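Asks: Residues per chain, in single letters:
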Amino acid sequence: MFEHSENVIERIVAHLRRPVQIDPAVDSRVMEEIAGGPTPRVSGGASAAWHWLTRPRHIALSPLGGLAIAAGLGALVLILPGRRPHEAPPAETATRAFQFVVVAPRAARVALVGDFNDWDAARTPMRPSQRGGPVWTAVVPLSPGRYRYAFLVDGSRWLADPAAPAARDDEFGTPSSVVTVGGS
Amino acid sequence: MAQSLGIHHVGASDGELVRRVRAGDTGAYTALVARYRDRLGRYAVHMLGDREDAEEALQDAFVRGYRSLARCDDPERFGAWLYGILVNRCRTAGARAARRGRLFVRDDAALTRAPLPSPAERAEWDDTVRRALARLAPEYREAFLLKHIEDLEYDEMARLTGAGISALKMRVKRAREQLQLIFREAERV
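Those protein sequence lines, which keep their order, are chains A and B.
Taking the numbering used here, the leading residue of the first sequence gets 9, the next gets one more, and so forth.
Taking the numbering used here, the leading residue of the second sequence gets 2, the next gets one more, and so forth.
FYI, nobody ran anything at the bench for these hints, they're computed from the structure.
Predicted model only: the values in this text are computed from it and were never measured.
The beta-carbon is built from N, C-alpha and C at its ideal position, and this holds for glycine as well.
Treat the hints loosely; a few may be bogus.
Among the chain A residues that face chain B by a calculated CB cut under 8 Å, a handful are [claimed, not checked]: (1) 20; (2) 28; (3) 30; (4) 31; (5) 34; (6) 37; (7) 125; (8) 151; (9) 162; (10) 182; (11) 183; (12) 186.
Listed next, with one range per pair, are the computed distances between beta-carbon atoms [stated by the list, open to error]: (13) B/168 x A/138: 43 to 49 Å; (14) B/39 x A/141: 49 to 55 Å; (15) A/46 x B/97: 26 to 32 Å; (16) A/26 x B/80: 18 to 24 Å; (17) A/141 x B/80: 40 to 46 Å; (18) B/97 x A/114: 16 to 22 Å; (19) B/165 x A/172: 20 to 26 Å.
Sequences and hints are given; from them, build the entire structure.
Replies: Here is the structure:
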């Protein structure tokens, strides 16, 4: 019943190219799921930044060390896991503080974005270590897991972490990196 | 129909809709979902072979697309960008389905639309195509569908999949060869 070679492929292609109708209820399910979430703005508002900065948190960090400047590249990123707080919860659910550091000499503003903040540039603004200085930092509490992240410089330039594994499964078309937080 | 009731401009470009969503008009995303639902859904249905899994992957892709809209560098090419997300979601869903041991199932809705002479032949053809697709390695099936069904250029496929162009050409070639072989075997049975 089936023809050989190219005719078969042509027939399969024609068969698979027919329009497929998806249940329109998908639309409402999508909109229900995104309702109430943050608006995906590229740059964030001051109130969100203030909320992030003033939110109560429990952090213990190890000191930064050996930070090199990536001249010309614009950025160098280090992630330093913090020591666990004295009253840390059990290991499997423990949240640890991670400090993200980026060297961005000419940046006016830098945001840390990743799976942990829904890639919302408004939620984790980075702060310069000194006024006008090139080093920007942010501290984020992370539970055990695998997170993709990147840095958004001046609202438009995406930077991956040259010192961390690249996110090979990234699906958004912009560079990103991966940090894996262990459970102990 | 909801998108034509005046809330959204019928002819709004992808870029315009993306900018409105970013400005806080969440409802504008409805128009983008309606615009791409069936087209992206076709890829998901053929890739996963199961309508329920396909709709779940599609829904997940739309939600992730919304939450990551700030990373869509070229709003006018929102559809192509969303394709990349869906390809990834299908990979994840396919791996999950493989672990469950789910087989490809017959799509009765598609069967009724098949332009073949008799219901029996339609059923046989549809089953054979689906089983043949299911027998391809996921990366071969992905490349075949993106090239021949979704009509993408190799450089676009490379961007979406992360694979090199030569690797993709090889996958498409292997997929075609394997499909031809599978159909020759089916003819002998």
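Asks: It remains to establish, for every hint, whether it holds in the given structure.
Replies: Here's how the hints hold up against the structure:
1. The closest approach between the C-beta of residue 20 of chain A and any C-beta of chain B is roughly 6 Å, which is under the 8 Å cut-off, so the hint is satisfied.
2. At its closest, the beta carbon of residue 28 of chain A sits 4 Å from a beta carbon of chain B; the interface hint therefore holds under the 8 Å criterion.
3. Using the Cβ-Cβ criterion of 8 Å, the hint placing residue 30 of chain A at the interface with chain B is satisfied: the shortest such distance is roughly 3 Å.
4. Given hint, residue 31 of chain A at the interface with chain B, holds; its Cβ is 6 Å from that chain's nearest Cβ, closer than 8 Å.
5. Contact between residue 34 of chain A and chain B, as hinted, is supported at the beta carbon level, the nearest pair being about 5 Å apart and thus within 8 Å.
6. For residue 37 of chain A, the shortest C-beta to C-beta distance to chain B is roughly 5 Å, which falls under 8 Å, so the interface hint holds.
7. Taking 8 Å as the C-beta cut-off, the interface hint given for residue 125 of chain A is violated, the closest approach to chain B being about 10 Å.
8. Among the interface hints, the one on residue 151 of chain A is violated; its C-beta lies about 19 Å from the nearest C-beta in chain B, farther than the 8 Å criterion.
9. Because the closest C-beta pair between residue 162 of chain A and chain B is about 13 Å apart, greater than 8 Å, the hint is violated.
10. Annotation: interface hint on residue 182 of chain A holds; nearest CB of chain B at approximately 5 Å, less than 8 Å.
11. The closest approach between the C-beta of residue 183 of chain A and any C-beta of chain B is roughly 10 Å, which is over the 8 Å cut-off, so the hint fails.
12. About 14 Å separates the beta-carbon of residue 186 of chain A from the nearest beta-carbon of chain B, more than 8 Å, and the hint is not met.
13. In this structure, residue 168 of chain B and residue 138 of chain A meet the distance hint of 43 to 49 Å, their C-beta atoms being roughly 47 Å apart.
14. A hinted range of 49 to 55 Å holds for the C-beta pair residue 39 of chain B and residue 141 of chain A, which are about 52 Å apart.
15. Taken as a hint, the range 26 to 32 Å holds for the pair residue 46 of chain A and residue 97 of chain B, whose Cβ atoms sit roughly 28 Å apart.
16. Taking the beta carbon of each, residue 26 of chain A and residue 80 of chain B are about 20 Å apart, inside 18 to 24 Å as hinted.
17. At roughly 42 Å, the beta-carbon separation of residue 141 of chain A and residue 80 of chain B lies within the given 40 to 46 Å, and the hint holds.
18. Take residue 97 of chain B and residue 114 of chain A: their Cβ atoms lie about 44 Å apart, and the range 16 to 22 Å is violated.
19. Under the hint 20 to 26 Å, the C-beta atoms of residue 165 of chain B and residue 172 of chain A, about 23 Å apart, fit the expected range.
In summary, the structure is inconsistent with hints 7, 8, 9, 11, 12, 18 from the numbered list given earlier, while agreeing with the others.
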